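*Asks:* In order, the protein sequences belong to chains Z and F.
Reading the first sequence from the start, the letters are residues 1 to 146 in my numbering.
Reading the second sequence from the start, the letters are residues 1 to 160 in my numbering.
Hints listed in this document are in silico derivations from the structure and should not be mistaken for laboratory results.
All figures in this text were calculated on a predicted structure; none of them were measured in a lab.
Be aware that a few hints might be false.
Heads up, incomplete: computed chain Z residues facing chain F, CB under 10 Å, no partners named [what the hints assert, rightly or not]:
#1 N69
#2 L101
#3 A105
#4 Q122
#5 D144
Pairs of lysine to any residue residues, derived as SDA-like cross-links and limited to a Cα-Cα distance of at most 25 Å, are as follows [claimed, not checked]:
#6 F:K158 - F:M27
#7 F:K35 - Z:A87
#8 Z:K61 - F:F43
#9 F:K158 - Z:Q50
#10 F:K153 - Z:T27
#11 F:K113 - Z:Q50
#12 Z:K131 - F:E117
#13 Z:K61 - F:G72
Beta carbons are placed, not taken as given, at the ideal position from N, Cα and C, and that holds for glycine.
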Amino acid sequence: MAKRGGGPTSTEIDMTPMIDMTFQLITFFMFVMNFSEAEQDDRIQLPSSQLAKPAEGVIEKPITLQLMNTGDVIYAGERVAVRDIAARLEREKSVMLDEGLEPSAATVIVRADGRAKTGEVQDIIRICQEKGFERFALRAQYDDRR
Amino acid sequence: MARRGSGLVDKVEINMTPMIDVVFQLMSFFMCTLKVVSPEGDFDIRMPIAAAAAALPDEQQVPPVRVRLAAGPGGELASIAMNGTPVADFDELRRRIIGLVGADTGPNSLAEKTEVELDCDYGLGYANVVKAITAVSGRVEDGRIVELIRKIKFTPPKKN
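Generate the whole structure from the sequences, applying the supplied hints.
*Replies:* Laid out in structure tokens, this is it:
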């Protein structure tokens with residue numbers, strides 16, 4: 001900026017507060033960023049529960065099946081009908097058997113929409129049972145309201 | 001920085017532009033990839049297919065508590081019953097469960113041995129099942145979860 005009546009002078013802007021703030025923002029975003037590959041789909045509106053506290057440990061061999069309110073299942077990012085998940089689970093089972101693991105060692109995470117029919121959830125569980133899976137985790141959204 | 005052999009102090013100006021560029025790019029990346037994840041939890045259920053057939057009469061075994069959830073025409077909850085007795089709502093269901101198994105939830109307690117069998121209509125909204133599981137499996141006291149019944153199973157689905 002040129003001062004009136006004087007020659008051009010260099011004005012130095014103090015960048016320190018801006019850099020401080022920017023680094024703090026980066027730190028914040030790094031902390032809140034979720035690096036885990038949590039399979040969460042926005043199309044599913046989970047039912048909420050006060051007792052559905054997040055698991056502390058890591059679920060061994062998770063298989064996530066997401067049931068939409070339309071009755072379709074989202075499996076590995078793909079939308080399939082309930083009757084078609086048997087073939088997918090058969091593949092999961094054969095992969096586990098190749099690794100020397102029984103299907104009972106896997107946990108089937110059922111992320112079902114709160115508006116879905118209970119019978120469809122039970123159908124999914126029955127298909128899983130027929131393939132030898134017996135551990136289920138019915139997922140709900142943690143509701144911290146008292 | 002003082003130059004050797006001279007008493008003059010020169011101000012060394014660091015060019016901050018590349019660093020600020022990178023910092024802003026990093027910030028933009030984090031802002032764009034940020035996905036707000038709501039906390040989720042699980043109700044663990046162990047349900048082998050042969051459980052119903054393998055259930056043998058056992059002196060230690062407590063008869064299961066049968067919770068019936070009937071659906072209305074739109075999938076809404078029409079009625080709740082516990083062992084054939086009507087229940088007004090899920091809070092009453094929890095009170096009945098506490099009345100049945102008592103407050104003791106430790107090892108070998110009645111709450112640990114008791115199993116709840118959920119008998120739901122096919123078209124019932126799944127949110128009601130989660131409410132029923134919440135009612136029978138515990139309660140929150142002073143921010144702490146007090147567990148009740150952990151063994152939960154479903155009756156086979158019945159298509160109307």
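*Asks:* None of the hints should be skipped; say for each whether it holds.
*Replies:* Each hint tested on the structure:
1. N69: The hint holds - N69 (chain Z) has a Cβ within 10 Å of chain F, the shortest such distance being about 9 Å.
2. L101: Constraint on L101 (chain Z) not satisfied, violated at 16 Å.
3. A105: Status violated, d = 12 Å.
4. Q122: holds, 4 Å
5. D144: Check passed: Cβ of D144 (chain Z) comes within 8 Å of chain F, closer than 10 Å.
6. F:K158 - F:M27: Judged against 25 Å, a Cα distance of about 53 Å means the pair is violated.
7. F:K35 - Z:A87: violated, 32 Å
8. Z:K61 - F:F43: Holds, at roughly 17 Å.
9. F:K158 - Z:Q50: It is violated: about 29 Å lies between the C-alpha atoms, which goes past 25 Å.
10. F:K153 - Z:T27: violated, 45 Å
11. F:K113 - Z:Q50: Since the Cα atoms of K113 (chain F) and Q50 (chain Z) sit roughly 23 Å apart, the hinted pair holds (cutoff 25 Å).
12. Z:K131 - F:E117: Judged against 25 Å, a Cα distance of about 22 Å means the pair holds.
13. Z:K61 - F:G72: Distance ~38 Å between K61 (chain Z) and G72 (chain F) Cα, so the pair is violated.
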